[in-house]
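Novice: Residue numbers (this note's numbering), protein chains in the order written: chain Z, 1 to 134; chain F, 1 to 149.
Rather than coming from a laboratory, the hints here were simulated on the basis of the structure.
C-beta atoms are modelled at their ideal positions from N, C-alpha and C, and glycine is treated no differently.
Certain hints may be false.
To be verified - Cross-link-like lysine to any residue pairs, in silico, SDA-like; alpha carbons within 20 Å at most: (1) F:Lys-146 / Z:Ser-30; (2) F:Lys-130 / Z:Val-85; (3) F:Lys-135 / Z:Ser-30; (4) F:Lys-130 / Z:Lys-134; (5) F:Lys-135 / Z:Ala-37; (6) F:Lys-135 / Z:Ala-95; (7) F:Lys-135 / Z:Asp-36; (8) F:Lys-135 / Z:Ser-115; (9) Z:Lys-52 / Z:Pro-132; (10) F:Lys-135 / Z:Gly-70; (11) F:Lys-130 / Z:Asp-105; (12) F:Lys-130 / Z:Ser-30; (13) F:Lys-130 / Z:Val-62; (14) F:Lys-130 / Z:Ala-95; (15) F:Lys-130 / Z:Ser-115; (16) F:Lys-146 / Z:Val-72; (17) F:Lys-146 / Z:Ala-95; (18) F:Lys-130 / F:Glu-62; (19) Z:Lys-134 / Z:Gly-61; (20) F:Lys-146 / Z:Asn-53; (21) F:Lys-135 / Z:Val-85; (22) F:Lys-146 / Z:Gly-70; (23) F:Lys-130 / Z:Glu-92; (24) F:Lys-135 / Z:Lys-134; (25) F:Lys-135 / Z:Arg-63; (26) F:Lys-130 / Z:Pro-132; (27) F:Lys-146 / Z:Ser-121.
Stated by the list, open to error - Heads up, incomplete: computed chain Z residues facing chain F, CB under 10 Å, no partners named: (28) Ala-37; (29) Ser-38; (30) Leu-42; (31) Phe-50; (32) Thr-69; (33) Ile-71; (34) Val-72; (35) Phe-74; (36) Gln-78; (37) Gly-84; (38) Gly-87; (39) Phe-88; (40) Glu-92.
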Amino acid sequence: MRKKHLIAMGALVLTSSAALAGLVTITPVSVTLNPDASGTALGSMSAARFSKNEVEYIGCGVRRITTGTGIVVFGFCQANTAAGVLGFCESEDPALIASIGDQDDFSFITFSWDSAGVCRSIGNSTQSFYIPAK
Amino acid sequence: MRTLIILSVLQTVGIAALVVHAFAAKHSIDPEQRPLSSSIAQPTSGAVPHVGEERLRAIIREELARLQSTAQVNASPAAAPSPRNPAIDADRREAVAQQIEIYRGVGAITDAQMQELQVEIAQLDVAGRKEMMSKLMRALNSGEIKGRL
Numbered sequence: 001m002r003k004k005h006l007i008a009m010g011a012l013v014l015t016s017s018a019a020l021a022g023l024v025t026i027t028p029v030s031v032t033l034n035p036d037a038s039g040t041a042l043g044s045m046s047a048a049r050f051s052k053n054e055v056e057y058i059g060c061g062v063r064r065i066t067t068g069t070g071i072v073v074f075g076f077c078q079a080n081t082a083a084g085v086l087g088f089c090e091s092e093d094p095a096l097i098a099s100i101g102d103q104d105d106f107s108f109i110t111f112s113w114d115s116a117g118v119c120r121s122i123g124n125s126t127q128s129f130y131i132p133a134k
Numbered sequence: 001m002r003t004l005i006i007l008s009v010l011q012t013v014g015i016a017a018l019v020v021h022a023f024a025a026k027h028s029i030d031p032e033q034r035p036l037s038s039s040i041a042q043p044t045s046g047a048v049p050h051v052g053e054e055r056l057r058a059i060i061r062e063e064l065a066r067l068q069s070t071a072q073v074n075a076s077p078a079a080a081p082s083p084r085n086p087a088i089d090a091d092r093r094e095a096v097a098q099q100i101e102i103y104r105g106v107g108a109i110t111d112a113q114m115q116e117l118q119v120e121i122a123q124l125d126v127a128g129r130k131e132m133m134s135k136l137m138r139a140l141n142s143g144e145i146k147g148r149l
């Protein structure tokens, strides 16, 4: 009877080890503000979403607005650190706007902006290690 | 069993009657009443009872060309961008600038207000849009206006 219990416990331990397999990287949101009002922001969507605080976020989006002269399309990115440091940028550059469409739920996002708040870069990396552990 | 046979015979007779009726109707339709749309089906010379395939194709092409040109004429006013009025653009830019100043004074902007502001900014000319977007971004980045895009 005791032997059976030991075997069952061993199996349980091995199974739970298998469930934890795979690299997990938690990258909290970070925002750097420069004296000339330019800046950079980075962080993974999952780290922000599942952080222990209620302020952290990062992401990008696209707005399409009809006007009298056509449709204005602009992309934007925004981030907020756990400490409440904010970073925003916007862009009407089609290539940068297109890159926003490549982002996914588990993307690691980076963006930077110039002193006017115009996005200079928008990047993303979608990796298995950004998916939070169960 | 007998009832089934009777029903089966009646059904067969009925189908046969329908087929005969349909066949007769098909051949009795006057060429002028064939189910073609009025603008396409009308032959140019009313005296010709049967329209040849080539002639039909030509008529369809003509009608399509006519419809296409009509559609273009109708679409033109809506598609053409209205010319910008510098005075109106300046007024709009001023209004947006004031709006941003108000939010800066309040220190916050709600999601709905942000949405509204972005729509207003989008109506500006390119230069005005850049200027006002920049004003908004700098206010957000400096924390003078708390809100989200």
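Novice: A separate judgement is required for each hint: does it hold in the structure or not?
Specialist: Against the structure, the hints come out as follows:
Our distance criterion of 20 Å between C-alpha atoms is met by Lys-146 of chain F and Ser-30 of chain Z, whose separation comes to about 18 Å. For the hint pairing Lys-130 of chain F with Val-85 of chain Z, the CA-to-CA distance comes to about 24 Å; that exceeds 20 Å, so the pair is violated. The straight-line distance between the Cα atoms of Lys-135 of chain F and Ser-30 of chain Z is roughly 23 Å, outside the 20 Å bound, and the hint therefore fails. Between Lys-130 of chain F and Lys-134 of chain Z, the direct Cα distance comes to roughly 44 Å. Violation of the 20 Å bound is thereby established for this hinted pair.
Our distance criterion of 20 Å between C-alpha atoms is met by Lys-135 of chain F and Ala-37 of chain Z, whose separation comes to about 12 Å. Only pairs whose Cα atoms come within 20 Å are accepted, and Lys-135 of chain F paired with Ala-95 of chain Z is rejected, the gap being roughly 23 Å. In summary, the hint linking Lys-135 of chain F to Asp-36 of chain Z is supported, as the alpha carbons are separated by about 14 Å, within the 20 Å threshold. With a C-alpha separation of about 10 Å, the suggested pair Lys-135 of chain F and Ser-115 of chain Z falls inside the 20 Å cut-off, and the hint holds.
Proximity of Lys-52 of chain Z to Pro-132 of chain Z is assessed by CA-CA distance (about 13 Å); at most 20 Å being required, the pair is judged to hold. Restraint check for Lys-135 of chain F and Gly-70 of chain Z: not satisfied, since their Cα atoms lie roughly 23 Å apart, outside the 20 Å limit. Distance restraint check for Lys-130 of chain F and Asp-105 of chain Z: the Cα-Cα separation of roughly 30 Å exceeds the 20 Å cut-off, and the hinted pair is therefore not satisfied. Using a Cα cut-off of 20 Å, the hinted pair Lys-130 of chain F and Ser-30 of chain Z is violated, with the two alpha carbons roughly 26 Å apart.
With a CA separation close to 16 Å, the supplied pair Lys-130 of chain F and Val-62 of chain Z stays within the 20 Å bound. The suggested pairing of Lys-130 of chain F with Ala-95 of chain Z holds, with an alpha-carbon distance near 17 Å, which does not exceed 20 Å. Of the pairs offered as hints, the one joining Lys-130 of chain F and Ser-115 of chain Z holds, with about 13 Å between alpha carbons and a cut-off of 20 Å not exceeded. Only pairs whose Cα atoms come within 20 Å are accepted, and Lys-146 of chain F paired with Val-72 of chain Z is rejected, the gap being roughly 25 Å.
Of the pairs offered as hints, the one joining Lys-146 of chain F and Ala-95 of chain Z is violated, with about 28 Å between alpha carbons and a cut-off of 20 Å exceeded. Between Lys-130 of chain F and Glu-62 of chain F the alpha-carbon distance is near 48 Å, which puts this suggested pair outside the 20 Å criterion. Restraint check for Lys-134 of chain Z and Gly-61 of chain Z: the C-alpha separation of about 28 Å exceeds 20 Å, so the hint is violated. Simply put, Lys-146 of chain F and Asn-53 of chain Z have alpha-carbon atoms about 18 Å apart, close enough for the 20 Å limit, and the pair holds.
Distance hint between Lys-135 of chain F and Val-85 of chain Z is fulfilled; the C-alpha atoms sit about 19 Å from each other, no more than 20 Å. Distance check on the hinted pair: Lys-146 of chain F and Gly-70 of chain Z sit about 30 Å apart at the alpha-carbon level, beyond 20 Å; violated. Between Lys-130 of chain F and Glu-92 of chain Z, the direct Cα distance comes to roughly 9 Å. Compliance with the 20 Å bound is thereby established for this hinted pair. As the CA atoms of Lys-135 of chain F and Lys-134 of chain Z are separated by approximately 43 Å, the hinted pair breaks the 20 Å bound.
Among the hinted pairs, Lys-135 of chain F with Arg-63 of chain Z is consistent with the structure: their alpha-carbon atoms are about 18 Å apart, no more than 20 Å. Simply put, Lys-130 of chain F and Pro-132 of chain Z have alpha-carbon atoms about 38 Å apart, too far for the 20 Å limit, and the pair is violated. Using a Cα cut-off of 20 Å, the hinted pair Lys-146 of chain F and Ser-121 of chain Z is violated, with the two alpha carbons roughly 23 Å apart. Evaluation of the Ala-37 of chain Z hint against chain F yields a held restraint, the C-beta minimum of about 6 Å falling below 10 Å.
Interface hint at Ser-38 of chain Z: satisfied, since its Cβ lies 9 Å from the closest Cβ of chain F, which is below the 10 Å cut-off. At its closest, the beta carbon of Leu-42 of chain Z sits 16 Å from a beta carbon of chain F; the interface hint therefore is violated under the 10 Å criterion. For the restraint placing Phe-50 of chain Z at the interface with chain F, the shortest Cβ-Cβ distance is roughly 19 Å, beyond the 10 Å limit, so the hint is violated. Contact between Thr-69 of chain Z and chain F, as hinted, is supported at the beta carbon level, the nearest pair being about 4 Å apart and thus within 10 Å.
Residue-level restraint check for Ile-71 of chain Z holds (minimum Cβ-Cβ distance to chain F is 9 Å; threshold 10 Å). Look at Val-72 of chain Z: its Cβ gets to within about 4 Å of chain F, closer than 10 Å, so that hint holds up. At its closest, the beta carbon of Phe-74 of chain Z sits 7 Å from a beta carbon of chain F; the interface hint therefore holds under the 10 Å criterion. The beta carbon of Gln-78 of chain Z comes within 5 Å of a beta carbon in chain F, closer than 10 Å, and the hint placing it at the interface holds.
With a least beta-carbon distance of about 8 Å to chain F, the hint placing Gly-84 of chain Z at the interface is held under the 10 Å criterion. Evaluation of the Gly-87 of chain Z hint against chain F yields a held restraint, the C-beta minimum of about 6 Å falling below 10 Å. With 10 Å as the threshold, the beta carbon of Phe-88 of chain Z comes within range of chain F, its nearest partner Cβ sitting at about 4 Å, so the hint holds. Here the hint on Glu-92 of chain Z is kept, as its CB sits about 8 Å from the closest CB of chain F, short of 10 Å.
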